[in-house]
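Going down the list, the sequences are from chains A and B.
Residue 1 is where the first sequence starts when you use my numbering, and the numbers rise one by one after that.
Residue 1001 is where the second sequence starts when you use my numbering, and the numbers rise one by one after that.
No lab work stands behind these hints, which were simulated from the structure alone.
Treat the hints loosely; a few may be bogus.
Once the Cα atoms are required to be at most 20 Å apart in a straight line, the calculated SDA-like pairs of lysine to any residue come out as [stated by the list, open to error]:
hint : chain 1 : residue 1 : chain 2 : residue 2
1    : B       : K1111     : A       : T37
2    : B       : K1165     : A       : S184
3    : B       : K1093     : B       : L1122
4    : A       : K54       : B       : K1135
5    : A       : K222      : A       : I238
6    : B       : K1008     : A       : S184
7    : B       : K1052     : A       : M188
8    : B       : K1052     : A       : L34
9    : B       : K1093     : A       : L34
10   : B       : K1165     : A       : T176
11   : B       : K1007     : A       : S256
12   : B       : K1135     : A       : T21
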Amino acid sequence: MIIYIVCFSLTYCWCVYNRLTLSLNNPSFYLNELDITTNLLIATNIPKLLITTKWLAPLMDTLYLSVQIILAYLVLKEKKTNTIFVFSVSFVNLIYALLLSMTSHLSIQQFLPWILLPLIFANTKIINFYYNFHSIRLVFITVFFSAALWKLFRGTLFNSDEMASILLWQHSIILTSDSQALISKCFMYLINHKYLSQGLYLLAFLAEFVFLIGFFTKKFDKLLLILLCLFIAADYSIMFINYFSWTAFIILFLYSKKEINKDLISTKN
Amino acid sequence: MQQMFLKKLWKFNKIAFVLLILYFSLFIFFNLKTGIVAAPILQFGMFSGIQKSTDTQAVYKLFVNGNPINLGNYSFTDRDIIVNTLDDFANQKNNNKNIFNKVKLLFDKCKAGAIINNDNCLINVSDTAFTISFKNKLKTILHTEVNELGIYKEKYILQNNELIKIDSPQKIDFIVTK
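Okay, chain B solo, but in the shape it has when bound (with noise of 0.2 Å):
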């Protein structure tokens, strides 16, 4: 049985035994927490949050030197890579100083906060920069040059077993046109 191994690992090596169950400890505290990790100490939740069928689903449009793109004749990691820089960038527009803080707010509570004290770190991304290197990035994925770029996001719900548009499609206002 397992227990006879942790009892042979106490007897074997202590340290290694304190690490070990540290390491469980910290595991059961951080998931137990929620909101909160520190890798390698990861929540792996793996699809466990409540979702429905009749959420709004946001799809991206992308038109690129008017052309409209059909995103589903890529890889699904060429998607994945499309979708989730832009999906990022809007994230770490509005939480990234956020989070820090709240970080920051946690060390400084348990009178560590010299360690994180670094107003500095933080980087402020142009929309124009991030156009830039989002139009490299689609380049080398639709494998042609990119001139004249235009992201929308089209919402859809589940409706009569279909996916039905709902609203007009709305620009997405981080990426610069010209």
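Looking at chain A on its own, in the form it has when it is part of the complex (with noise of 0.2 Å):
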């Protein structure tokens, strides 16, 4: 819970300094995607009311933090935490991502810590909690190795170009404002010379593929913690795109190898 905490609190400073939660981005219009449970948010006026008023925007800002703060609470004092409230936390962590992501820059995908998380702690029985625990472990897993299929099977892994393109079209702000700055010509160097720049990319899905490890083994989660770190540091200084909201999903390797006795695991509660 502390891991959570600090990331969570580090993400939520970082949104708060740059004008990035509800009240502070202040919307004037939000963006719809492909997705059922956006569409179905929609049809329930809350972004039209969130754009219309001034009252939704606090309201929500102050929901969020609240039930991250109640949970934190239940779960350090070692209270009881009650499934539905849990669930409810993740759900209104899930409708408070949508809204931000509607009406902002954020994906809805550096909001997945804190809509899969809470839920590990749906039941502060120790048996339930090992079950949570490696069952969201595995959730994780399957988010991170699909990434790795998509590269492989939409051919991207076998394009040259791939990686030059995504920096050009990252970088394309920089790249045309100062070609003379030291970080212009890092980039620059790195689109021109293809076979570099998409041993990056390898590099990237390796790390992705490598987490297949984890649907059959915990032997390997401490590598898998290290992976997953250097993915979100890469992501920050190549890309420029800021995941330090999934550092916190470290929880799941750094205490995976922690056994309960074998007695209550198979016993039902």
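Combine both chains into one complex, guided by the hints.
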């Protein structure tokens, strides 16, 4: 829970600093996506109210923060958490994430830790916690591994031009605003040396693909933890994309090898 | 092995097991179906769409109070806020209603059209309202009052190992100048 609190707090502070909460962002429109949940949310009029009223954004911000604080308090003080409450926290986080991703440049993917990780605490009994924890671990591994499969089956792995064009698209502003800056020269070097940049893409693919092993054993979870951290760091430093929130997922690999009494594992409470 | 975990989960709590398998099934379904998702079941492509370095790159050029703004001088977050707000506003003008109608059609096919039947939930944001809002956003980033605003799109292509401007800049018409 401490790691969750620290990661959430740092991410939230970053959002506040960059005026990326619902009230600080003060949106004037929202962007729809081909997403069933988004359109169900639109049908409730909530996004429309968010844009046309002044009270909903601060209310949602307050609700979003409050549920994290209550959850953290209950877990840290070892009070009983109710499954319905925890699912509600996850649901509030999902709605908040959808609203913020519709009205800002943030992707809902960046909010995945706050949607999934609270579910681990759905029950304070140790045996339930064990199963919740490992189920969410499998869900995350599926998510990360699927990114590798997409690269494989869409053929981008074999497109020698792929990373060069991604860098070109991602950094076109700094490349055109100051081509003599060191950072621009570094990116142009990678863009003009396609096989070197594609090597970086291949490394990203391998980092994602290696997560397959997490389905079968927990022996290499420390390696997966390191790969996850390296992936987030590389995303930030090379792509200028902030996926710091995903650092919270290290919980799933840091504590995965802790076992509980084998008698408890096969007994339903 | 993790297979043992699923077996253990089945023995421990069949409902939890079914929920987990249901999530995986829906994940595979939505990922294979492509084109539509249902948050939190998403497609995590992470730059897995085919791109070519020969593609034209469109870059925004901003003029605030008659002065050009070098977006390269700002943090990547601020750049993303400016660029994505412009891109998203342009996209929502064309796509919001179309996407909503597509999803509505899907619900109608599944005989659940009543759930999403709300024609008044979409909003129309005028270019003037957006320009005012965008100017306020720019003011907090640039730390300067934005009285006059002009935004252009310039096109570049990669040629002889550098980015070359092609075509004359196109003025963005949804930014209301007066």
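These are the hints, each one checked on the structure:
no.: 1; hint: K1111/B - T37/A; in the structure: 17 Å, holds
no.: 2; hint: K1165/B - S184/A; in the structure: 16 Å, holds
no.: 3; hint: K1093/B - L1122/B; in the structure: 11 Å, holds
no.: 4; hint: K54/A - K1135/B; in the structure: 19 Å, holds
no.: 5; hint: K222/A - I238/A; in the structure: 24 Å, violated
no.: 6; hint: K1008/B - S184/A; in the structure: 53 Å, violated
no.: 7; hint: K1052/B - M188/A; in the structure: 15 Å, holds
no.: 8; hint: K1052/B - L34/A; in the structure: 25 Å, violated
no.: 9; hint: K1093/B - L34/A; in the structure: 15 Å, holds
no.: 10; hint: K1165/B - T176/A; in the structure: 9 Å, holds
no.: 11; hint: K1007/B - S256/A; in the structure: 18 Å, holds
no.: 12; hint: K1135/B - T21/A; in the structure: 18 Å, holds
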